[in-house]
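**Student:** With the hints as your guide, set chain R onto chain Y.
Number of protein chains: 2
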Amino acid sequence: MYGLIYAYRRGKGEKFVKEVKGKKPVFVCVIATTETAKIPGISAAGRYPELTDYTPPADVELLFYGKCKCISGIPVTPEGIPTPAIITMTALKLSNIPVFVVSGGLKIKPKIPFIGLADKPGMDIRTGKAVENVEEILNKAKLFGENLAKISDYLVVGESIPGGTTTCLGVLLAMGYDAKRKISSSMPENPHNLKVKVVEEGFKKAGISFGALKEDPIKAVSLVGDPMMPAFSGLVLGAAKEKPVLIAGGTQMVAILAILKTLKPDILENVVIGTTRWIIQDKNSDLKGLVDQVTKTPIIAANLNFSKSKHDGLKAYEYGVVKEGVGAGGVAIASILKSKGKITWKILLEKIDENYEKLIGMGKVE
Amino acid sequence: MYGLIYAYRRGKGEKFVKEVKGKKPVFVCVIATTETAKIPGISAAGRYPELTDYTPPADVELLFYGKCKCISGIPVTPEGIPTPAIITMTALKLSNIPVFVVSGGLKIKPKIPFIGLADKPGMDIRTGKAVENVEEILNKAKLFGENLAKISDYLVVGESIPGGTTTCLGVLLAMGYDAKRKISSSMPENPHNLKVKVVEEGFKKAGISFGALKEDPIKAVSLVGDPMMPAFSGLVLGAAKEKPVLIAGGTQMVAILAILKTLKPDILENVVIGTTRWIIQDKNSDLKGLVDQVTKTPIIAANLNFSKSKHDGLKAYEYGVVKEGVGAGGVAIASILKSKGKITWKILLEKIDENYEKLIGMGKVE
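The listed protein sequences correspond, in order, to chains Y and R. For the record, in the first sequence the residue sitting at position 135 is 1300 according to my numbering, with numbers rising by one throughout. For the record, in the second sequence the residue sitting at position 66 is 1231 according to my numbering, with numbers rising by one throughout.
Bound conformation, chain Y alone:
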């Protein structure tokens, strides 16, 4: 339906689509930063490693204002490829989906209204002390999720955290999943070896080994995770009791599933992954294989294709740069579902092209 790609468990995916089409979602973007992102070569979510602190706040400012406030221009990779928040912003505006922002811990605060669940960014996981107060963040997020579920038909939850695939690898390995060389990257050349080395350093400092925290996701996040994870998981725990939740992201979503599976497995019945075609076609990662290890959650991918974009910055997505983030895939799917197909992939691409032009030209989308 609507040219969606059912990448895993088609039947359950179609059931979700049937249930929510024409309904009213809310989008929640969970942001956080981790010092892990500053390890050279780990993240492309910022022109330089030090700039990754600004990427999540700039991303959500773009969603609210059509321009960033804490930086000039918009977040880009070292090669100048733009943030997927352009996709998210365009889809939200086209379909008039409301947006709420939750922070698990940031260094730089966005100039928007947001729910701050903790004050500090995550530490470099090589310290083996990645996140403080994980349970408190999770419990507060849960309360917000419960309240949002009361006034929406379903939730779309996305994330923006540079370095998030490395912390994801940390949590999945700590919980005993075979995740090496399966986690995605914002770079076309996925630095698998570097990520494993970083995680192993964290394990050594924390005094844990592969699979040691199979039953303790809270501790896994505390030691080698990031502050996005408890905020994101808490939201799903609160909302999915009552309403379907489309968790919007790439392989990082598998860490969320692993956390949820241990804390409240029955909630997973109400959870679907929404991602992009670039993720499911990526040769350097394996979302399906990872999900399959944890729980049989359906995967739906947005059929976004930038090969006919007018702009090289967007065409680069077809070569495996960026791929996903800021809930881009899930929000694109939700915009099409909300409009019952009146918004098409073609319309989305045209509008994304247009907005990219405006951001380069005037620095703002009206």
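Please note: incorrect hints may appear among the correct ones.
Same chains, same label: a pair holds when it works inside one copy or across any pair of copies.
[Stated by the list, open to error] With a cut-off of at most 20 Å between alpha-carbon atoms, the simulated SDA-like pairs for lysine to any residue come out as follows:
| # | residue 1 | residue 2 |
| --- | --- | --- |
| 1 | 1274 | 1293 |
| 2 | 1461 | 1451 |
| 3 | 1426 | 1381 |
| 4 | 1189 | 1407 |
Honestly, the hints are just simulated from the structure, not real lab data.
**Tutor:** For chain R alone, coordinates are given in the frame of chain Y:
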């Protein structure tokens, strides 16, 4: 309808009730603190003046958890009379209305998910420098209001800020309204003279006089207002473009109306005051007379009557203590409207009595 009291402009009030009955509201509680509350004799919203810092966070914790976390017990006046948050909590639970919390600036942070629009509490208005970044707080609150309006049928907005009637007097006098001896108080003996003296000291320090800021509410709030005001006004500005807003409070709501009237008068068509019988029957204040000076906004009052309560702490409301706060009147009205009268004043009273007992006994409402 439903035994509501139409205290001012019955026709418009009835129209609002007809429009929203059976519909789904969200409740937003705007909290903040001001050093003004610590002037001895100004506020009864706390056992001692220094404890007023804890009252707003404790109030919203009560709404989320059925108990307070930042204090033991619940907020009380110096005589031990309980916070009106008991009414709000009871009505929210009975009618399953979702709650969101926005802070304009606090000293003590509540242990709940909330949107913090600024980091600092308000200063003592005798300094003539009451609130920093008023416009920024207002603009961020507006964005949150816009997003909430997209997913709810109407908003109920309440407040908790000790000392708020004094800052209200400050803003109304700065804007040229005849407000002396008309503003309410949480104490039965309204300290009108003290409040005027405090405002006059602020005026002197700020170098302004009565009516000097008739056209500049932003400056009036900056000099002699409080941080609740821009957060509250911004929410209404964002939401009332699209959906009706029940502003829930006593005479403080008149400062909000005065701000809105200057910034965006047409928005007022979509605004109604929801308050308590204790406010409209108060001999020591004049809500109707104040509203009448600013704009013809209808007033609907909750017909709560504690004279038959089993508890002296609640009966005291009948003698003019507390009267209103934490959106108690508006949320009571909304709970009755949402249930189309299935929830009655009698049911509310019984449940409030029961919850008060639990809070005294076990310290928690399940």
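**Student:** State the violated hints by number, sorted upward, taking the hints as numbered earlier in the document.
**Tutor:** Per hint list: single violation, 1.
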